[in-house]
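Residue numbers are given in full-length UniProt numbering: position 77 of the sequence shown equals residue 77, and the series is strictly consecutive.
Quick caveat, the hints were computed from the structure, so don't treat them as lab data.
It cannot be assumed that every hint is accurate.
As the list claims (entries may be wrong) - Within a straight-line C-alpha distance of at most 27 Å, the following computed DSSO-like cross-link-like pairs (lysine-lysine) qualify: (1) Lys116 <-> Lys71; (2) Lys47 <-> Lys37; (3) Lys36 <-> Lys47.
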Amino acid sequence: MSIVTVQLGQCGNQIGHEVFSALCSDIRGTHGLCSKKENESYQDSCKERFFCEEESAVPVARAVLVDMEPKVISQALSMAASSGLWKYSSRSHFCQKQGSGNNWANGYCVHGPRHKEAIMDLVQTEAERCDRLGGFFTIMSMAGGTGSGLGAFVTQCLRDAFPTSFILNHVIWPYGTGEVIVQNYNSVLTLSHLYHSSDGLLVHENDVIHKICAQLMNIKQISFRDVNQVIAHQLGSVFQPTHPAGGGSGYSRNPLGDLMETLVPHPEFRMLGLRNIPQMPENSLPYSTFSWPGLIKHLRQMLIANAQMEEGIDWQVRPPQPGSSIPSTNKPLHFNTSIANLVILRGKDVHSVDLGSFQDPSLYTSWLNPQDAFNAWRTPRAFNRYEKSAALVSNSQFLLKPLDSIVGKAWNMFASKAYLHQYTKFGIQEEDFLDCFTTLEQVISSYTNL
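Modelling step: build the complete structure from the supplied sequences, incorporating the hints.
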């Protein structure tokens with residue numbers, strides 16, 4: 001089944017370009033470490049998912065590019081075309097001249113309704129090109145105006161136009177120190193609206209990716225492109241084809257559907273986080289060896305200690321002892337309780353890996369059976385030159401702190417009515433803000449009580 005990617009705003013378009021480049025370089029690589037037959041079915045499955053073939057034999061990304069300024073889209077189009085490996089369709093982008101000025105209300109209340117028809121026509125055309133539509137993958141940031149405001153509006157339109165399709169929103173969480181003075185308002189408005197129309201929110205935090213670039217990739221002067229390439233690598237490690245658990249020999253048919261089915265068992269819990277192991281500069285790979293037991297041990301500790309990368313994990317954090325009748329509020333400090341986890345293994349000897357440690361009932365909330373809460377997908381085809389690699393997609397308490405912090409900061413600004421006139425002049429009223437705070441307070445409370 002095919003996925004239509006919708007790239008929204010500057011951030012969404014830059015990351016989208018890196019994602020397609022990463023997918024393309026992965027399927028072109030001869031580093032599969034698997035049989036020729038396996039490699040070919042992997043390549044075919046990826047192409048069906050993300051690209052459509054045209055007469056020119058250059059794969060065309062199944063994507064719609066939307067921004068309110070032309071610069072980033074024209075860069076993305078020309079960079080893809082000049083790579084010679086893949087390209088965007090010349091007819092699937094929409095841009096204007098004026099931008100949204102980092103104002104969520106401008107994107108949501110003005111640009112959205114004004115350009116709805118043109119944007120949705122492009123999406124419809126792209127969806128009709130798919131033999132079987134698996135769903136939509138939107139990429140957007142929460143801090144600005146176009147990605148967040150227009151992104152929330154477009155997601156609602158997708159939900160209305162395609163009520164039975166899966167929608168996964170990939171959301172970039174802003175730097176804690178701030179890029180935009182009103183980013184907390186924009187973030188609160190975005191998250192609460194997406195919670196009503198999306199099936200799942202896959203979140204990457206800028207601060208975390210920045211740390212990975214500095215500490216694991218050893219990059220001295222970190223650019224947005226470096227950050228985006230790490231994000232693209234992590235997304236590729238989830239969306240490239242795999243064999244689902246008990247799914248026989250074929251590759252997963254509907255990656256978005258499978259992802260939601262395994263990770264979002266209840267509509268109150270839609271926040272998904274992603275961790276990857278190992279991650280290192282490409283030139284270090286030939287000198288590194290990894291064992292599966294070591295990788296799995298690190299990945300499990302990253303999950304329970306809520307560590308974002310394999311360096312600096314707190315090994316003191318332990319799951320609560322089974323049978324201890326401690327109420328959930330007294331759980332061991334810093335322990336990250338999960339609702340559902342998915343581990344994706346790629347590379348050598350994946351079928352002999354023991355994942356029993358992830359089925360420990362103490363990792364999960366009490367109302368779900370650990371057998372249902374944990375899933376594993378595997379493929380012997382290596383990903384992006386890593387002989388062995390694992391990804392963990394987790395629906396857990398990982399976002400509680402950042403979410404609480406962003407809602408708190410936004411509430412303090414709202415209480416003193418700071419910058420509110422910037423929103424009310426475009427039609428977002430104080431009641432709308434209050435509704436959004438209520439939605440997110442409910443999300444925080446649900447995750448806290450796991």
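Going down the list of hints, with the structure as the test:
For the suggested pair Lys116 and Lys71, the alpha carbons sit about 21 Å apart, so the restraint of at most 27 Å is met. Restraint check: the Cα-Cα separation between Lys47 and Lys37 comes to about 16 Å, which is no more than 27 Å; the hinted pair holds. Note on Lys36 and Lys47: the hinted pairing holds, with a Cα-Cα distance of about 17 Å set against a maximum of 27 Å.
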